[in-house]
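Q: One-letter residues, chain by chain:
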Amino acid sequence: MNLVQEAALVAGKDLRIEARSRVTLQQVIPFGLVVLLLFAFALDPDRGILRRVAPGLFWITVLLGALLAVSRAFAVEAENGASDALRLSGLDPAGVFLGKAAAVAVELAVLETVLAVGVVILFDVGIESIGPLVLATLAATVGVAATGTLYGVLATGLRVRETLVPMLLLPVVSPVLLGATRAWEAAIDGVPGDAWPWVGLLSIFAVLYVSVGMLAFGPLLEEA
Amino acid sequence: MTLLKPAISRALGWATLVAVVVLALFGLWGAPPDSVQGDAQRLMYLHVPAAWIAYLAFGVTAISSALWLWPRTRSEVYDRVAGASAELGVIFTGLTLVLGSLWGRPVWGVWWAWDARLVTTAVLLFLYLGYLALRSVPASPDARAKRCAIAALIAFVDVPIVHFSVTWWRTLHQQATVFNPELKANIHGVMAFTLWFGVLAFTLLYVYLLDRRYRLAVLEDDLDERELERAIAERVAGAGTSVRASPGDDADKVPAEVTP
Amino acid sequence: MTSAEFVIGGWVLTGAVFLAYWLRIQQRIRRAERLERDT
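As given, the protein sequences belong to chains A, B and C, one line each in that order. With this note's numbering applied, the first sequence closes on residue 224, and no number is skipped along the way. With this note's numbering applied, the second sequence closes on residue 260, and no number is skipped along the way. With this note's numbering applied, the third sequence closes on residue 39, and no number is skipped along the way.
The hints are simulated quantities; they were obtained by calculation from the structure and are not laboratory data. Since the structure is predicted, the reported quantities are computational estimates derived from the model, not experimental observations. C-beta: ideal position from N, C-alpha, C; glycine also. One should not assume that every hint holds.
Computed from the model, here is a short list of chain A residues facing chain B with C-beta under 10 Å [as the list claims (entries may be wrong)]:
id : residue
1  : Gly48
2  : Ile49
3  : Thr147
4  : Pro171
5  : Val176
6  : Pro197
7  : Tyr209
8  : Glu222
In the DMTMM-like style, the derived pairs of lysine to aspartate or glutamate whose C-alpha atoms are separated by at most 25 Å in a straight line are [claimed, not checked]:
id : chain 1 : residue 1 : chain 2 : residue 2
9  : B       : Lys5      : C       : Glu33
10 : A       : Lys13     : A       : Glu223
11 : A       : Lys13     : A       : Glu79
12 : B       : Lys5      : B       : Asp115
13 : A       : Lys13     : A       : Asp124
14 : B       : Lys5      : C       : Glu5
Please construct the entire structure, taking both the sequences and the accompanying hints into account.
A: Below you can see the structure in the form of structure tokens.
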């Protein structure tokens with residue numbers, strides 16, 4: 001089996017588990033929508049403010065959702081000692097990494113779609129130019145999923161995992177938050193062309209952390 | 001047992017003390033007050049060197065981590081240096097931010113400015129804190145070293161991205177901020193000397209403290225290992241089995257988490 | 001607060017932080033050395 005096939009195998013497994021347990025659907029997505037709602041409580045739905053800060057609120061909510069998705073991705077391995085089986089399966093760790101990260105990315109994409117609709121409706125946002133928006137979101141999602149999966153395996157098995165991963169992950173993905181928000185701002189209210197440099201930055205981040213993940217996942221899995 | 005020979009370490013300690021005193025003399029008295037900022041500028045002689053060492057310490061942590069990860073150069077020395085440097089790095093980074101606040105307030109009237117450098121330094125602080133949090137999780141020395149080394153490198157490759165993205169973001173949004181921690185245009189003569197001397201003094205301080213912190217790490221790691229061996233021996237003896245525990249046998253096989 | 005108070009405050013803080021850290025390290029080293037000798 002080549003790398004892509006192995007990744008597809010692992011991603012398929014994770015997504016099948018998700019399809020049966022419906023955690024993303026029933027918990028993470030509602031969580032994200034509640035956060036959007038809370039932002040409205042916190043910021044006073046004077047339509048002006050929410051509309052202006054909508055991109056930022058959207059991406060912060062996505063990041064918070066990502067913390068849950070990553071936590072879930074490794075919780076399923078911890079159950080029933082599956083991570084030992086994963087280690088001994090003979091699968092290339094890089095493939096396992098790609099698979100798990102891909103599954104997280106898919107879940108995030110679903111979350112983002114729902115939240116985007118939420119943002120358009122709740123915060124009265126109109127989308128000017130969808131191209132840069134979608135590409136920025138894609139790159140950002142891959143970057144966050146890769147980095148999250150990396151920290152997920154790093155902290156797997158540790159009792160403090162649940163509080164550790166958020167504080168490790170968020171500073172590292174701060175450029176993603178920055179770039180994605182700026183790209184969305186450009187696509188929504190500004191000059192859409194301004195978004196492209198940020199798409200570039202997000203892509204570099206994604207490529208970088210996918211690579212780091214492929215290299216580091218194996219060694220980290222050994223310690224899990 | 002230490003990074004430097006004891007005699008050198010002692011000499012370095014004294015040299016650091018002298019350098020710091022000289023810096024204080026120049027910084028607080030010898031150098032003239034700034035034409036624009038007045039005396040408040042004297043904080044720059046601490047803030048800038050602190051920032052310099054904050055990033056230097058981070059680099060040392062990253063390089064040490066890489067050296068540990070590379071099988072041919074793997075040694076517990078590098079792991080301990082990485083940890084010690086990170087602890088120092090947190091202190092220098094925190095100090096950089098606080099001194100920046102203390103400097104900014106009288107000069108620009110604000111405790112904080114969303115200036116690219118300050119923001120990047122703030123992110124650096126959190127990267128450090130994350131590393132130290134990871135390091136404090138109980139684990140076998142090898143597991144801890146591996147996790148921390150990889151975490152350090154993940155953070156290290158992030159810093160340029162953070163710096164670049166934040167710098168770009170803030171230059172695009174160059175609003176009313178006149179906050180310019182550099183003001184290099186005004187630095188010359190005694191002021192320039194004091195600034196560079198500050199960098200020197202802080203570097204000496206960093207190296208000296210690194211050596212001391214390293215020694216502490218060696219001592220405490222040794223103590224932990226001996227505690228562990230003793231606990232294992234007691235457990236085995238207490239179980240009343242005839243199996244003898246020999247130190248070094250079980251030390252590698254402890255579970256990833258050990259409660260002391 | 002005048003400028004001077006910020007400046008003095010900053011310098012004193014810096015000195016205090018490093019002094020405290022150094023003292024703490026020295027204290028822990030001496031304690032560890034003592035424990036090592038005793039075992």
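Q: All hints are to be evaluated individually against the structure, with a verdict given for each.
A: Going down the list of hints, with the structure as the test:
1. Gly48: 19 Å, violated
2. Ile49: 18 Å, violated
3. Thr147: 8 Å, holds
4. Pro171: 4 Å, holds
5. Val176: The hint holds - Val176 (chain A) has a Cβ within 10 Å of chain B, the shortest such distance being about 9 Å.
6. Pro197: Result: holds, 8 Å to nearest chain B Cβ.
7. Tyr209: 8 Å, holds
8. Glu222: Cβ of Glu222 (chain A) sits 8 Å from chain B, so the hint holds.
9. B:Lys5 / C:Glu33: 17 Å, holds
10. A:Lys13 / A:Glu223: Answer holds: Lys13 (chain A) to Glu223 (chain A) is near 22 Å, not above 25 Å.
11. A:Lys13 / A:Glu79: Roughly 14 Å between the alpha carbons, so the hint for Lys13 (chain A) and Glu79 (chain A) holds.
12. B:Lys5 / B:Asp115: 42 Å, violated
13. A:Lys13 / A:Asp124: 38 Å, violated
14. B:Lys5 / C:Glu5: Outside the cut-off at roughly 41 Å; violated.
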